[in-house]
Amino acid sequence: MTIRHFLTTQDWSRAEIDALLEQAAAFKRSPAGAQLAGKSVALLFFNPSMRTRTSFELGAFQLGGHAVVLSPGKDAWPIEFEPGMVMDGEPEEHIAEVARVLSRYADLICVRAFPKFQDWSVDRQDKVIKAFAQYATVPVINMETITHPCQELAHALALREHLGDLAKKKYVLTWTYHPKPLNTAVANSALLIATKMGMDVTLLCPTPDYVLDERYMEFGRLNAEQNGGSLKVSHDIEEAYSGADVVYAKSWGALPYFGRWEQEKPIREAHRHFIVDEAKMALTNHGLFSHCLPLRRNVKATDAVMDAPYCIAIDEAENRLHVQKAVMATLAGRR
Amino acid sequence: MTIRHFLTTQDWSRAEIDALLEQAAAFKRSPAGAQLAGKSVALLFFNPSMRTRTSFELGAFQLGGHAVVLSPGKDAWPIEFEPGMVMDGEPEEHIAEVARVLSRYADLICVRAFPKFQDWSVDRQDKVIKAFAQYATVPVINMETITHPCQELAHALALREHLGDLAKKKYVLTWTYHPKPLNTAVANSALLIATKMGMDVTLLCPTPDYVLDERYMEFGRLNAEQNGGSLKVSHDIEEAYSGADVVYAKSWGALPYFGRWEQEKPIREAHRHFIVDEAKMALTNHGLFSHCLPLRRNVKATDAVMDAPYCIAIDEAENRLHVQKAVMATLAGRR
Amino acid sequence: MTIRHFLTTQDWSRAEIDALLEQAAAFKRSPAGAQLAGKSVALLFFNPSMRTRTSFELGAFQLGGHAVVLSPGKDAWPIEFEPGMVMDGEPEEHIAEVARVLSRYADLICVRAFPKFQDWSVDRQDKVIKAFAQYATVPVINMETITHPCQELAHALALREHLGDLAKKKYVLTWTYHPKPLNTAVANSALLIATKMGMDVTLLCPTPDYVLDERYMEFGRLNAEQNGGSLKVSHDIEEAYSGADVVYAKSWGALPYFGRWEQEKPIREAHRHFIVDEAKMALTNHGLFSHCLPLRRNVKATDAVMDAPYCIAIDEAENRLHVQKAVMATLAGRR
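Taken in sequence, the protein lines are chains F, Z and U.
If you're matching positions, the first sequence starts at 1 in the UniProt record's numbering and goes up one per residue.
If you're matching positions, the second sequence starts at 1 in the UniProt record's numbering and goes up one per residue.
If you're matching positions, the third sequence starts at 1 in the UniProt record's numbering and goes up one per residue.
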């Protein structure tokens with residue numbers, strides 16, 4: 001039997017995504033389960049985490065399983081991902097061994113591996129999680145690399161809870177300022193899931209340099225076509241917010257400036273006014289606001305927006321627990 | 001229903017404290033329970049821990065629950081605690097989100113946050129745990145901030161095991177030397193619980209500069225009055241030890257020198273003779289000795305004292321497990 | 001009743017080792033158990049770990065128990081191991097308290113403590129784990145110090161799975177190059193277990209300087225004598241590999257150069273050709289290859305060897321889980 005991984009929602013059909021969301025909603029109503037009884041999950045963090053780690057660890061527990069948390073290079077050995085290397089540098093072992101050995105111990109392997117922010121042509125290959133998927137003999141789950149599919153599910157579930165059917169809703173993914181150039185993962189993921197749900201999606205960003213990688217733009221257009229929605233890019237704040245049903249905010253570094261962040265910095269600084277505030281939200285169709293968290297208050301969104309009843313970021317964060325239980329139960333159940 | 005936290009024993013009546021101690025004694029006789037079955041506990045450590053982490057984690061397990069351990073700023077994101085900030089510094093997220101999200105995942109939130117040792121007027125506000133209590137929608141438990149209420153319960157239980165009723169016993173809290181200026185938390189806590197138990201308490205310290213914060217001195221006097229004991233300060237080692245039933249040692253930095261530790265250092269160095277040794281213990285009424293641990297042997301107490309039958313520090317440490325199970329079971333049972 | 005520890009296989013008879021291996025094989029066939037139901041295990045890591053931590057933590061879970069993971073000096077307090085010290089340096093507490101307190105919380109204490117690589121006459125005393133065994137009131141398990149007995153059991157189980165009875169098989173322990181001087185623990189352990197299984201053991205190394213500590217050479221000769229095998233040293237690659245049934249590779253620093261590693265470096269560098277490759281393996285009797293992992297590919301063994309069907313390193317790594325469950329179940333069952 002082929003191993004089914006959860007690396008990107010793009011590998012899962014709309015029907016399969018809907019099934020995961022239904023399972024998640026069921027876990028939200030009734031948290032306890034035995035789908036992972038006696039089973040174990042390895043959580044590998046190459047980058048820090050609060051929500052992801054807590055929700056995966058407790059999700060495994062609530063289903064009768066146990067998660068072991070590993071931080072390679074910190075409390076575990078640094079790992080080599082390239083094949084054929086003469087390993088006389090830092091890494092003490094190769095992904096071939098790491099993935100195979102963990103597959104003997106654990107029933108699921110979950111990986112967080114952010115880009116290195118030096119060369120997008122390298123980072124966009126998503127080598128770390130692909131190497132895990134290549135060598136592992138158990139399912140691999142993406143805990144955020146250059147996409148963040150678990151966040152997508154949590155986001156979609158929160159939107160459905162508040163809006164019901166999402167088809168043809170106006171969805172704005174807005175870039176916001178952040179003092180550092182951040183990962184495009186959640187932005188890529190927002191495009192994928194919003195278009196998959198058939199929404200009319202506007203990507204709002206300061207300049208064409210902030211448009212996302214063409215791979216995800218193309219997936220977005222394809223999803224829109226297949227699910228009756230649309231995807232467009234806008235640099236006009238007022239136009240984008242007008243009549244929006246959903247505003248989703250995220251900061252990210254402009255891809256053409258990848259690795260040359262000092263040159264991008266003044267451009268970013270010049271667009272601090274992209275902050276989500278009450279005036280902008282007033283332009284929407286009583287729109288919901290959300291964000292994947294962590295969020296810098298009064299930089300990405302104002303206190304007033306974060307504390308407003310239309311802010312569903314905490315609901316979305318809670319849903320991480322439920323959707324990840326659905327993903328784990330589904331993948332472990334196939335074995 | 002109001003959320004009941006466990007931030008300081010001062011918020012809990014003598015009868016409530018007695019009930020917690022009885023529950024703890026019951027857990028000591030019979031460790032297994034189902035009070036946390038399917039429930040989870042988030043343990044947040046802003047500072048290192050051995051006993052606290054182990055005893056909370058295993059305590060949750062023994063009651064059927066699961067504890068997730070987080071170190072913000074190390075393996076989780078750094079957190080902002082001030083309201084209304086434009087968050088363009090280090091912290092990636094605000095306590096408002098952290099506490100609310102964790103409340104969705106976990107049934108209890110436990111926090112260790114030591115003072116920063118720069119400005120006592122800031123540290124004495126105990127902002128970190130108060131912010132958690134403000135924003136969390138589940139009970140918050142103090143794992144040591146500027147008081148250490150779980151240590152208090154463990155200490156009181158150990159004393160009762162050896163002395164029975166504690167009323168009118170002579171209790172000496174003695175300052176000891178340590179190469180670094182330490183937190184006053186356990187000293188504050190010792191005052192609170194010893195007076196709450198109606199003991200005759202002597203705070204023994206080198207000079208008036210080492211008297212504890214007036215807030216805790218005042219709580220101590222109040223407790224003494226209500227529970228039939230007394231509280232006095234002494235700088236005379238012989239007088240203090242004479243006839244003592246209990247000697248509890250702790251080192252702490254002098255509050256008037258807070259943040260100017262180089263100036264305090266020679267004063268501390270001049271009082272190395274406050275070390276607890278056999279000669280001093282010989283002055284007591286066959287007194288017990290204890291300490292919260294970690295303890296530097298032959299600096300705070302001699303090997304002979306630590307290895308003597310009257311040293312109950314290991315019993316006190318064990319009791320951390322039992323009392324914390326009582327606190328968790330009590331708070332989780334109210335939800 | 002005396003406490004039984006698992007510090008080295010040399011303290012356990014051949015019959016006892018065989019019983020552990022049988023129990024491990026039974027766990028491999030049927031992983032779930034209740035031998036640690038309600039019990040807990042403290043895992044103390046003074047050095048990093050991936051396999052060891054994962055396999056111990058999941059092994060405890062599979063037997064109904066819970067493992068708490070501690071890293072003294074990192075997320076727990078630094079520890080003093082010498083008796084009688086005036087503790088005014090770095091360590092905040094003494095092993096006497098650490099071991100006694102952990103013994104009150106946990107049913108088993110497992111310790112990883114590598115040598116410090118400055119003075120072999122100090123490191124060979126194995127003070128850290130011996131201090132734990134001295135002060136603990138529960139069984140202590142060695143997770144690698146200057147021997148690695150759990151690896152021995154995993155190795156022996158993997159060899160038996162592939163070869164059946166091991167008596168009189170030709171076993172080659174070969175030194176290999178590594179850019180850093182490594183611990184001799186696994187090499188010492190390979191000698192102990194291979195001789196205990198009655199194999200004809202050849203220690204292959206570049207020069208007499210790389211022969212292992214006389215303590216382990218002597219144990220090896222003793223074991224060989226008692227179990228019908230043999231032990232010899234060789235510096236001739238071709239002779240050693242010829243007709244071998246098992247090739248086990250490991251790198252280690254030469255003991256006479258301990259703490260003077262810059263002087264050893266050119267010697268090590270001159271023996272990079274000790275790498276395990278297909279040409280060398282072709283000299284064997286269809287021999288198996290294994291290694292304890294982590295392994296630097298194309299430095300210690302080539303990709304071709306690592307990916308060959310005769311490489312059983314992944315099986316050996318998997319067996320860590322099963323043998324450690326056997327050790328934990330056996331020791332906890334005696335209490």
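Any given hint might turn out to be false.
The list cannot tell twin chains apart, which means a pair is met if one copy fits it or any two copies do.
[Unchecked claim] No farther apart than 25 Å at their CA atoms in a straight line, the calculated lysine-lysine pairs in the DSS-like style are these:
| no. | residue 1 | residue 2 |
| --- | --- | --- |
| 1 | 168 | 180 |
| 2 | 232 | 28 |
| 3 | 265 | 127 |
| 4 | 232 | 116 |
| 5 | 74 | 116 |
| 6 | 74 | 180 |
| 7 | 28 | 127 |
Read the hints as simulated data drawn from the structure, not as lab findings.
Comparing the hints with the structure gives:
| no. | hint | in the structure |
| --- | --- | --- |
| 1 | 168 <-> 180 | neither (34 Å within a copy, 61 Å between copies) |
| 2 | 232 <-> 28 | neither (34 Å within a copy, 55 Å between copies) |
| 3 | 265 <-> 127 | neither (27 Å within a copy, 34 Å between copies) |
| 4 | 232 <-> 116 | neither (29 Å within a copy, 50 Å between copies) |
| 5 | 74 <-> 116 | both (17 Å within a copy, 19 Å between copies) |
| 6 | 74 <-> 180 | both (23 Å within a copy, 18 Å between copies) |
| 7 | 28 <-> 127 | neither (34 Å within a copy, 33 Å between copies) |
In summary, the structure is inconsistent with hints 1, 2, 3, 4, 7 from the numbered list given earlier, while agreeing with the others.
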